[in-house]
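Asks: Once you've looked at the hints, go ahead and assemble the two chains, each given alone in its own frame, into the complex.
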Amino acid sequence: MKKLLILPVALAALLAGGAVRVVQDQCGPFTDVTPAFCPYILELYYLGVTAGTSATTFSPDDPLTRGQGSVFVAKGLNQALARSSRRAALGQWWTTKTQNALGSTTVGANPVFTVADGADVWVTFSEHVLRVRASDARILETWTGATQLNGAIVAAMGQVFVTGYSAGGNHWAIFRIDPSQSDTTMADVATIPSPISIAFDGARLWTANGDSRSISITTPGPTLPWSTTTVNPPDLGETFYLTFDGAHMWVTATNQQFVEFDEAGNILRSVPLDFGSNLGKPVFDGANFWIPDFGHNAVIVVRASDGTVVTTLTAAEMVTPTIAAFDGTRVLVSCTDGVFLWNAADLTPIGFTPTGAASSPYGSSSDGINFWIPLEGIDQLVRF
Amino acid sequence: MKRLSIASVALLALLAGGAVRVVQDQCGPFTDVTPAFCPYILELYYLGVTAGTSATTFSPDDPLTRGQGSVFVAKGLNQALARSSRRAALGQWWTTTPHWDLGLGVTTLGSSPRWVACDGSDIWVGGENPGAGVARVRGSDGKLIENHSAMNPQDIVIAMGRVFAVVETAPFTGGLYSIDPSQPDSEAVLVGQTDAGAGDPEGLAFDGSKFWIGLNGNSMWTFTPSPSLPWTGQAVPVGSFYNPIFDGTFIWAAGGPSLVRISSDGSTKLTVPVPATVQRLVFDGANVWATTTSPDSVVVVSAGGTIVANLTGNGLFLPGALAFDGQRILVTNANDSISLWTAADLTPLGSVQTGAGTNPSSVCSDGVNFWVALRGSGQLARF
Chain A
1 MKKLLILPVA LAALLAGGAV RVVQDQCGPF TDVTPAFCPY ILELYYLGVT AGTSATTFSP
61 DDPLTRGQGS VFVAKGLNQA LARSSRRAAL GQWWTTKTQN ALGSTTVGAN PVFTVADGAD
121 VWVTFSEHVL RVRASDARIL ETWTGATQLN GAIVAAMGQV FVTGYSAGGN HWAIFRIDPS
181 QSDTTMADVA TIPSPISIAF DGARLWTANG DSRSISITTP GPTLPWSTTT VNPPDLGETF
241 YLTFDGAHMW VTATNQQFVE FDEAGNILRS VPLDFGSNLG KPVFDGANFW IPDFGHNAVI
301 VVRASDGTVV TTLTAAEMVT PTIAAFDGTR VLVSCTDGVF LWNAADLTPI GFTPTGAASS
361 PYGSSSDGIN FWIPLEGIDQ LVRF
Chain B
1 MKRLSIASVA LLALLAGGAV RVVQDQCGPF TDVTPAFCPY ILELYYLGVT AGTSATTFSP
61 DDPLTRGQGS VFVAKGLNQA LARSSRRAAL GQWWTTTPHW DLGLGVTTLG SSPRWVACDG
121 SDIWVGGENP GAGVARVRGS DGKLIENHSA MNPQDIVIAM GRVFAVVETA PFTGGLYSID
181 PSQPDSEAVL VGQTDAGAGD PEGLAFDGSK FWIGLNGNSM WTFTPSPSLP WTGQAVPVGS
241 FYNPIFDGTF IWAAGGPSLV RISSDGSTKL TVPVPATVQR LVFDGANVWA TTTSPDSVVV
301 VSAGGTIVAN LTGNGLFLPG ALAFDGQRIL VTNANDSISL WTAADLTPLG SVQTGAGTNP
361 SSVCSDGVNF WVALRGSGQL ARF
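Note that the protein sequences, when read in sequence, are chains A and B. In this text, residue positions in the first sequence follow the working numbering: the first is 1, and each later residue adds one. In this text, residue positions in the second sequence follow the working numbering: the first is 1, and each later residue adds one.
Certain hints may be false.
Claimed, not checked - 35 Å max Cα-Cα, derived DSBU-like pairs, lysine-lysine:
1) B:K75 with A:K75
2) A:K75 with B:K269
3) A:K97 with A:K75
4) A:K75 with B:K143
As the list claims (entries may be wrong) - Sample of chain A residues facing chain B (criterion: CB under 10 Å; computed from the structure):
5) A36
6) V49
7) S104
8) T105
9) P179
10) S180
11) I378
Since the hints were derived computationally from the structure, they do not count as laboratory data. Even glycine gets a Cβ: it sits at the ideal position worked out from N, Cα and C.
The following block holds chain B by itself, in its conformation from the complex (with noise of 0.2 Å):
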């Protein structure tokens, strides 16, 4: 148990001509820690959670005050998140300035990216062009390895070890398409489609039974996994919502200036108005924030549905897409510019340029990267 710690304090001590016996009970600093309580203190110690009431003193039989709690709390939670992402273990402490314009960090597809999703380990990136499929880039390298075919997708999600993709198949109509990624450059299969007239699809969401499409008409619309196609689906008469999110127990879509929360069945509907026309939403485990434009800001949202904050400048530029790595926030701007926020105190981390005529329009996190798709200048790139 922290070996070094004590002998260091005990030869401190025996050359400051220390009693040996109250080097022994030295904690540390500390002279007033029982060795009970020794480890857990050291350890905030270490940490920089604590200094203790004085240089050497920590005062463990003091009452605690609300305050003081929770600077031990919050502190406490900093490190364990700072320490536990993927980018700590790769010593990845930084915060990216982009050098896309020298062609690092880049790659460069056939057509302008337009979505993006991440399945841990590859990016499926949907192109925004007629014709234009669904490209794979590894995760690891950055290397366009297989396209899928062409879809002109609206929103990619990955479940099941599948990619899915809605598309607008006719006009006012959306279809679900699945890919299968264990088979290489496979077909896309249609696997439900919602009636005739139903609205422009917008957005995609998957609640662990069923996906739900957003659209720009009078429902949402789910459809349930089955063993044969087509897939059943079901308007769910909620109104005209899109771009869904699922946070563990609801859904959430946006409607001009309100976001909405549905339970997973449609049943129940909490409308929770925000100031300005709701982009598109990310959950960070917490919260939900969605971009707002007009006037253009970032709205956090309890998962209860209390608006906790409404955060504005930081770059915010017309905001559109946003994603989570597990620590930051990341939103994509209209005049070539991502924001970013620590997500659990809020906090302002600034705005990166990311090259004039890149228009970024979509981003998803491996939890190492964000991988952000640059429409304007068909690329695909890492942050």
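Chain A extracted, bound-state conformation (with noise of 0.2 Å):
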């Protein structure tokens, strides 16, 4: 085993007039480090995890201290996030720069929220929906039979839901796309008062509705209608962007709460944020929230688990960030005329990236290689 790393070592001990015993004891560099412990210490050396403690030895009976636990973790982490991500086998280790190393697709007036099913990308229009196949952006169907959509899409149970307001039936509803059909008119599934956003827990789709000021949770059964329940939490204000934890559902309201239910939609935990009501689509990562402050420019992030603000970021490119995005690694915000990414694990930035002049990029997804972002502004889809 990994005869050519043993020989060198065993070379340079003979220059240097070591023993030959102790050069064949040795794993890598370090003489100090029993075989039994040897393959485990030397995949953290070949992973940049740890160099030892001198150039030849490894101290492998000191005492750990909480410090070097952290950083074996921490680098031991971001090593399984960084080659488990789809980009690794794909050898794409780069992040977009430039403007025009955007790959684009003109997708006709103002795109305004999209959502990728793992093998599509879906893309919201006021009146349409647009299917684009990820791989290489061509598109596919255009889906119709909803006015006013406002963008909110969600894709679960193999198909996609998006809420506008019904072309002859006079109320606000919930649309369903089924892609397995060649008829591409959408299914109106469910009557819901005014609805902002979409969301889907594993069972139930959500709904929250602005102005009413309310939640709706909406049952799919086998028959249309399908069953809502709405409810109206107290001094919540207008309730906008649901975001699921894979537990629990949150809210962003205009009181300036984010706010967390229970299955039944009672209010667990309201973390209130002084930055104002400007807040846009947040995303969660696994660990925390992600949210979109416009009105102070800036991005709170909230742990999950306790509801506790972790940090604001802010950053001096970074103006009217509105919709958050996460590919796995990477949190991507939308701002004005650019989109600013952070590593989601250290919540270091990796920086500002301009998408053109008005070019007013907006509601971002991933589909765990690319980014797709429509710029609602010049009529494109592009892959980030």
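Replies: The structure is reproduced here in structure tokens:
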């Protein structure tokens, strides 16, 4: 195993007058590691997690301090995240840096929001939804049947759901797109009071209903319309963007709050935010929520487990942040004519990339390889 | 929280006559772990990261040595990598023994495939013969679905939703072509060209803002995308370096018996001498792997430029192309075989014959399979 790794070390030791027995006992560059520990210590050495305590020693019997332990775990975690992304397998280690390096597709007037289903990307417009193949951005289908689509969209249960106004029924509703069907007309599945956003909790569709100051929970059933329960939590103000953290649903509300619900729609926790009421669409990264605050050009990071505000991020280039997206390792936030990125694990900024004058990037999403950004101002869908 | 585990332990303890209070305090097999630590310690126990300090104790208050900490982190990392791969979700825990001679897992192409690149859904294959184009093969089923215009490429890179190929457009002149996959059977468009006589093009990389072409000449060349054609090209006078890759920060390229690490603006250069002639490179998130010949080996260099290992054996024979699938490194050999290593700990996984006369020449990964261009048999094979 690793013959040439051992051979140069042996050669170096011989040249230095070292005993052969000692050399054969070596573990990579380390002379003080026993065979039982060697594979694990060498793995961390190869991965750059540790360089040892000197050029030739690891000091395996020394106590591990809390600081050293933190370095081991954090660097190990970073390696796991970097290598397990689909971009790693594809060798796509770059981050797009310039406007001209964005792969763009012309998709028609005013694309607003996107959602990725793992194979395709769905793009909302005011009166239709476009299906775009993620592998090559080829436009596949146009879905119609509703008006005043406000951009809310979620992919769930093998289908895609949007909210808008019924073309013939004079009511706000959830509309269903069944991608397996050749008839590209959306189906009205539930009547909802003025929905602003939509999210799925694994069993039910939730909508936040804006100036109705309510939350609706719709349960899929064998017949239409699906049953809906609407709750009016007190003191929330208008409700905007829903985000599910794997256990509970959260919503942004105008009374400077980020609110967690139980399964019945009762308030479990309210996180007061002192940064005003201009909150954009959050994203959950597996541990934290990233909440754009376009009133104060900031992104607020809130820990899901206890509602603690971990930090508030700002940057000179980040003007009017509105929508956040997460690709497994990075968080992207749409701003005025550009996007800002951070590493999600350690919150380090990656930087700002302009998307062009008057491009107005908005409802971004990720398919695990690319971020997809609708440029509402110039009718483009770009991959990042 | 792990109710069944606690219930089972409680039942066992009751059957053994244990006191209820002690049983309720237990954490899996461990009697000395408090509830606050229990979920995390049990997770490591269930994952095989630790077996405790005895059959019934974990000794949570004992100090951890650096060696023990390394075992925890390395085993935890290996679990994370194994479980987060797309192969895990698909239940594909095997390493393939090919049956390409039986027609299983291969796509027959019209010409000798020389270069491959994976875009996450499809595989793009550049033919070697003059006039050979770029074929598009669907990754899910290996079906040949399109051919794009002829160009005889010298390398292929997927970027910005397009397929880019570097071509020798005239003797000692490199051209960069773009294919738009959203358009079926589209013509490749020449987007930039080096100066005449700049050198034979060998390899192509993208750094997030510009393309780098390796040249057998005095410089590398970069091309920066722009709204109008041709794109701006610029010589980077770093010397004759070829087969570039990008590691997220730097460009790396081969240059005889050395690797070179170049800053994205081309202003700084770090040369890493290696024992033999470098062929091709791949980056695995921490290290650059480089195949070398005479003698045959794979050199592993840290992103900082330190040689951390020089791997031999494992079936290496005039090794050529490499690819990384998130866990494994695959290397093609000139004796109709491929060799594999685990990327994290550099453990050799063995070599596999690809069939007489198949001549594997290039490889990429889509995160599920490796895709190997079999230059000799005119096939694309999944591994």
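Asks: Compare the structure with each hint and give your call.
Replies: To see whether the hints hold, each was checked on the structure:
no. : hint              : verdict
1   : B:K75 with A:K75  : 14 Å, holds
2   : A:K75 with B:K269 : 26 Å, holds
3   : A:K97 with A:K75  : 25 Å, holds
4   : A:K75 with B:K143 : 40 Å, violated
5   : A36               : 9 Å, holds
6   : V49               : 7 Å, holds
7   : S104              : 8 Å, holds
8   : T105              : 6 Å, holds
9   : P179              : 16 Å, violated
10  : S180              : 17 Å, violated
11  : I378              : 12 Å, violated
In this structure, the earlier hints numbered 4, 9, 10 and 11 are contradicted, and the remaining ones agree with it.
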